[in-house]
Amino acid sequence: MIRTLAFLGVLALAAPLHAEPVTVRDAFDRSVTVPEPPQRIVTIFASNTEMVAALGLADRIVGIEAYTRYPPEVLEKPLVGGRLGFSVDEVVAQRPDLVVVTPSRQAANQLVDPMQRLGIPIVVLLQRNVAEILSNIRLLGRLTGVSERGEELAARLQARLDKVEQRVAHGKKPSVIMITGRLGNGLLLVTRPGTYTGDAIVRAGGHLAFDAGTIAQVSPEAVFNADPDLLLFAGNEKDMKELIGRPGWSDMRAVRSKRVHAVNRAELLIPGPRTIDGIERLANIFHPPAATQ
Amino acid sequence: MRVWSLLVLALLLSVLIGASAGHDWMSPADLLRALAGDTDVRSRLLIDWRLPRVLAAACVGGLLGLGGTVFQGVFRNPLAEPYLLGSAGGAALGATVALLVPLAAPQSFMLPVLAFAGAWGATMLVIGISRVAGAVDAAGMLLAGVAVAAVLGALRSFLMLALSDETVSLQIVLSWVLGGVQTPTWPILGLLAAISIACLMLTLLLAGRLDVLGLGETMAIAFGLNVNRFIAFAVLAGSVVVAAAVAFGGLVAFVGLASPHIARWLVGPLHRPLLPASALVGAIVVTLADAIARSALPPAEIPLGLVTAVAGGPFFILLLARRLRA
Chain A
1 MIRTLAFLGV
11 LALAAPLHAE
21 PVTVRDAFDR
31 SVTVPEPPQR
41 IVTIFASNTE
51 MVAALGLADR
61 IVGIEAYTRY
71 PPEVLEKPLV
81 GGRLGFSVDE
91 VVAQRPDLVV
101 VTPSRQAANQ
111 LVDPMQRLGI
121 PIVVLLQRNV
131 AEILSNIRLL
141 GRLTGVSERG
151 EELAARLQAR
161 LDKVEQRVAH
171 GKKPSVIMIT
181 GRLGNGLLLV
191 TRPGTYTGDA
201 IVRAGGHLAF
211 DAGTIAQVSP
221 EAVFNADPDL
231 LLFAGNEKDM
241 KELIGRPGWS
251 DMRAVRSKRV
261 HAVNRAELLI
271 PGPRTIDGIE
281 RLANIFHPPA
291 ATQ
Chain B
1 MRVWSLLVLA
11 LLLSVLIGAS
21 AGHDWMSPAD
31 LLRALAGDTD
41 VRSRLLIDWR
51 LPRVLAAACV
61 GGLLGLGGTV
71 FQGVFRNPLA
81 EPYLLGSAGG
91 AALGATVALL
101 VPLAAPQSFM
111 LPVLAFAGAW
121 GATMLVIGIS
131 RVAGAVDAAG
141 MLLAGVAVAA
151 VLGALRSFLM
161 LALSDETVSL
171 QIVLSWVLGG
181 VQTPTWPILG
191 LLAAISIACL
201 MLTLLLAGRL
211 DVLGLGETMA
221 IAFGLNVNRF
231 IAFAVLAGSV
241 VVAAAVAFGG
251 LVAFVGLASP
261 HIARWLVGPL
271 HRPLLPASAL
281 VGAIVVTLAD
291 AIARSALPPA
301 EIPLGLVTAV
311 AGGPFFILLL
321 ARRLRA
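Line order of the protein sequences matches chains A and B.
Residue numbers are given in my numbering: position 105 of the first sequence equals residue 105, and the series is strictly consecutive.
Residue numbers are given in my numbering: position 242 of the second sequence equals residue 242, and the series is strictly consecutive.
Next comes chain A alone, as it looks inside the complex (with noise of 0.2 Å):
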């Protein structure tokens, strides 16, 4: 009798009971079901695996791709892609039960296509904006089983960014420029309008120099003219230093009065929780709480 009870105990455990098909729509519109909670996943890019990561999965990512620098808990998982692209070969061969892209380098367009061929469920997710970083992680939450907790996250990051949202409601907006990388011809990259990038700037009290155009690289000329009140570069301070050392950048005015910063890559150029902390410090940077109270 006993035996049986533990025997039942065990299998009741092993099995969670009724495990019902959940089904999502994703940022292709397509419909993704997965008939029961994903027990191995492959995250493409680290913003999904740290999403995944945050809902408390981390064990259950069994695939990464080599540019994933973050949690430390996943890097020793196996590589199914980088640079050069993806490989279909080493997600199958992880024998994944669910696949997380974004439509990045080739991502979406080298696996979508023969995941759903193998009929492995392969949900894609976009990026435009902060809110979307949480609904990705709400969508990822109903997708692996683990709603309550996806909510929960949601829900604490959003009280952050409202926290942010009251505090800078009403200083003076400083006009920013970040710049994003730099071109072997001297043109540089910058942050634009209708990315998530440019939504944290502006959700951290800023508002954008260049609120328009979609070619995201520029001349440094364009960057003088528009001598913004604040520069920030995504990279660390000895590159920052290194470009705002050469001829012409020390007229503009943020380099003038000193308000120029390095901002951390991985809070605002990778879309998943972390991008809340880097909102939170840029608001710092944008408006001092020193000077706001």
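These are calculated hints, taken from the structure and not from any lab test.
From the three backbone atoms N, C-alpha and C, an ideal C-beta is built for every residue, glycine too.
Treat the hints loosely; a few may be bogus.
Quick look at which bits of chain A chain B covers, simulated, 3 or more residues with Cβ under 8 Å [what the hints assert, rightly or not]:
hint	segment
1	75-82
2	114-126
3	142-152
Please arrange chain B on chain A, whose structure you already have, making use of the hints.
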């Protein structure tokens, strides 16, 4: 006869190697199990993903071999290659539009269609321009081809800069331009196979006249061949073949150039045996190159055109050395 059976055997062997090759190598036993209808995901990967791609690679290679032979025959130049008359630039422009512009039809459909239309359209444009300019001979067409290719290349680069952003990556376009066989569904593969056979038939119709043209234009005229008309027709036929290859395989460097040369060593210069031999050589080369592209650098896939170019460059030098010595 022995050459033919060797070629066919080599093709079968390279298809087998291609089917085994990948980041996850499959043994012949795995292959047999998959072919017997095993439903494990690894077997289904083989049947639904890898095998169609390997066979598509063979078809693309065959088409490039045919196209290269026609172009070398028409221009009577060992350096002539299938992408000579603007088809590469046109196909790349069509593919860029398909990959970067959100269109109503699904991308998997628009990509081959627009690549084909671009390749074919660009060649038509080249022939049209050389007609208007009154230079319908080979040299006139080549120059018009260079001009059209320059314009199309600039258009494509502009589209790439203007239309790419965080979600639509330039890498997708770049890797298409560097060549890579799209994995077709089985019905589409059937279509590709049918197209390949039709192209073989079409080019075989040209074989006799290509041989005559090979004697020199004066001689060909003496044999009663309307040279300019035939050149225009052969170029159009050749570019259909190339456009079909491009639609399914992107731009694969060097195969169209090298296959006819290898085939000439094997079966001689007459076009009736040369065309099918060149197609077989092209099919073998692309199937093996695709196997390398898929398996060499896990977890990445090297663009196919890079593999063929790396192998093709030294081949080209060899060719040059042989000619200089001769």
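Stated coverage of the segment 75-82 of chain A by chain B [criterion: 3+ residues, CB within 8 Å]: holds (count 4)
Outcome, coverage of the segment 114-126 of chain A by chain B - at least 3 residues whose beta-carbon is closer than 8 Å to one in that chain: holds (count 6)
Claimed coverage, the segment 142-152 of chain A by chain B - three or more beta carbons nearer than 8 Å: With 0 residues close enough to chain B, the hint is violated.
Hint check: a violation occurs at hint 3 only; the rest are consistent with the structure.
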